[in-house]
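Sequence lines, in order, name chains A and B. Residues 398 to 650 (this note's numbering) make up the first sequence, in order. Residues 1465 to 1590 (this note's numbering) make up the second sequence, in order.
Keep in mind the hints are simulated off the structure, nothing from the lab. Heads up, some of the hints might be wrong.
[Said to hold, decoys possible] Listed next, the in silico BS3-like pairs over lysine-lysine satisfying Cα-Cα at most 27 Å (straight line):
| hint | chain 1 | residue 1 | chain 2 | residue 2 |
| --- | --- | --- | --- | --- |
| 1 | A | K455 | A | K617 |
| 2 | B | K1555 | A | K469 |
| 3 | A | K469 | B | K1586 |
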Amino acid sequence: MSQPTNQQRRAFLAEVTGVAAATVVAPGVLLQSVANAAPRDTAVTDDVRYGMLIDTTKCADGCSDCVSACDKENGLDLMEKPEGASDELWEMQRPRWIRQVKLRNNLTGRVTSLPMMCQHCEKPPCVDVCPTGASFRRADGIVMVDRHTCIGCRYCMMACPYNARSFIHENVQLKTTATPRGKGCVESCNLCVQRRDNGGTTTACQDACKHGAIVFGDLKDPNSAVSQAMAKYPTVQIRADLQLNTGVRYTDV
Amino acid sequence: MKRKSGFSLLLVLCLGLLGGLGTAQAGEGVEGTARADKLDACVAPTATMRRSHFELIKHQRDVTVHLGIRKTDNSLAGCVDCHVRKDAQGKQVPVNAPGEFCAGCHEYAGASLDCFTCHATKPTGN
Chain A
398 MSQPTNQQRR AFLAEVTGVA AATVVAPGVL LQSVANAAPR DTAVTDDVRY GMLIDTTKCA
458 DGCSDCVSAC DKENGLDLME KPEGASDELW EMQRPRWIRQ VKLRNNLTGR VTSLPMMCQH
518 CEKPPCVDVC PTGASFRRAD GIVMVDRHTC IGCRYCMMAC PYNARSFIHE NVQLKTTATP
578 RGKGCVESCN LCVQRRDNGG TTTACQDACK HGAIVFGDLK DPNSAVSQAM AKYPTVQIRA
638 DLQLNTGVRY TDV
Chain B
1465 MKRKSGFSLL LVLCLGLLGG LGTAQAGEGV EGTARADKLD ACVAPTATMR RSHFELIKHQ
1525 RDVTVHLGIR KTDNSLAGCV DCHVRKDAQG KQVPVNAPGE FCAGCHEYAG ASLDCFTCHA
1585 TKPTGN
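Can you build the whole structure from these sequences, using the hints too?
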């Protein structure tokens, strides 16, 4: 091998090692590899089931921190009122993943405040009725909408006993990278799925709740905070009579 | 060397094409400000990307949405992150703006560009 060839090879190697995580397919052509923090590289499994416990005794009346945090995390605060729509219509139709609900016991007069969102049922009615398979339950228990296949028929909105889903009526100008959003699709709480897939352990609403009313975690892990709390306190599923086995549970309702 | 110069020629042609399509309005992306502008090739050879980028993205979307796999070279977020250019003021220009990376070719080819009715056209950080 002649000297010039060796030098070329050295220069070439230097070029290759200079670029991190690059593959060579042809001389001088490097294929780029995208460097990410710690995103998931294997499929989700049913070894975990994500869920939440909401302690309604801690949930303060008039506080909406979880709703604002959810809006910010999922780009809902970027939505604008469509031109020509009245304030009343917009308040009624604007997407909300968490609703603030107040329950009043008519016999005793006791009022309970609680956040109501997708309950992530084990047997979700929204998935049953979806004609395209867009509404689906992920292996780890998260019920979500594949917007690529959603046709906007809104059967799922009618089927949901919790009124948890929203519909996007108009074109959306601003959206976040993690939560795409467009006209004609249904959406609802996905337990901050982008955090699940990137190694996060909390949800935005849990982080925002200064009263500690929301505990999120793996229902199948007996040592998780949420399982420990459920073993300790009496909890209920809302509309337990429907036997949907919800992933979101409440205390003192 | 021959191959490299071939690619350079293609690049020059492509730039000429984009330049021809781009209008002289404010906020136009400046060539060389995207990370991709400084690289020889994308996640697959240029010819493959030109012919099949939509197949890579379409496959990836199902894998990501249903299986939760986000560690990939084929995510649309990755495309936008690498190909977004900045204007003279240093502000990022949406990739679907006239003449920008995505819209430039799609306009020329007359192929509709549906990704961005829902997906972010600039990296948003979250």
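Taking the hints in turn, this is what the structure says about them:
{"no.": "1", "hint": "A/K455 to A/K617", "verdict": "holds (25 Å)"}
{"no.": "2", "hint": "B/K1555 to A/K469", "verdict": "holds (22 Å)"}
{"no.": "3", "hint": "A/K469 to B/K1586", "verdict": "holds (17 Å)"}
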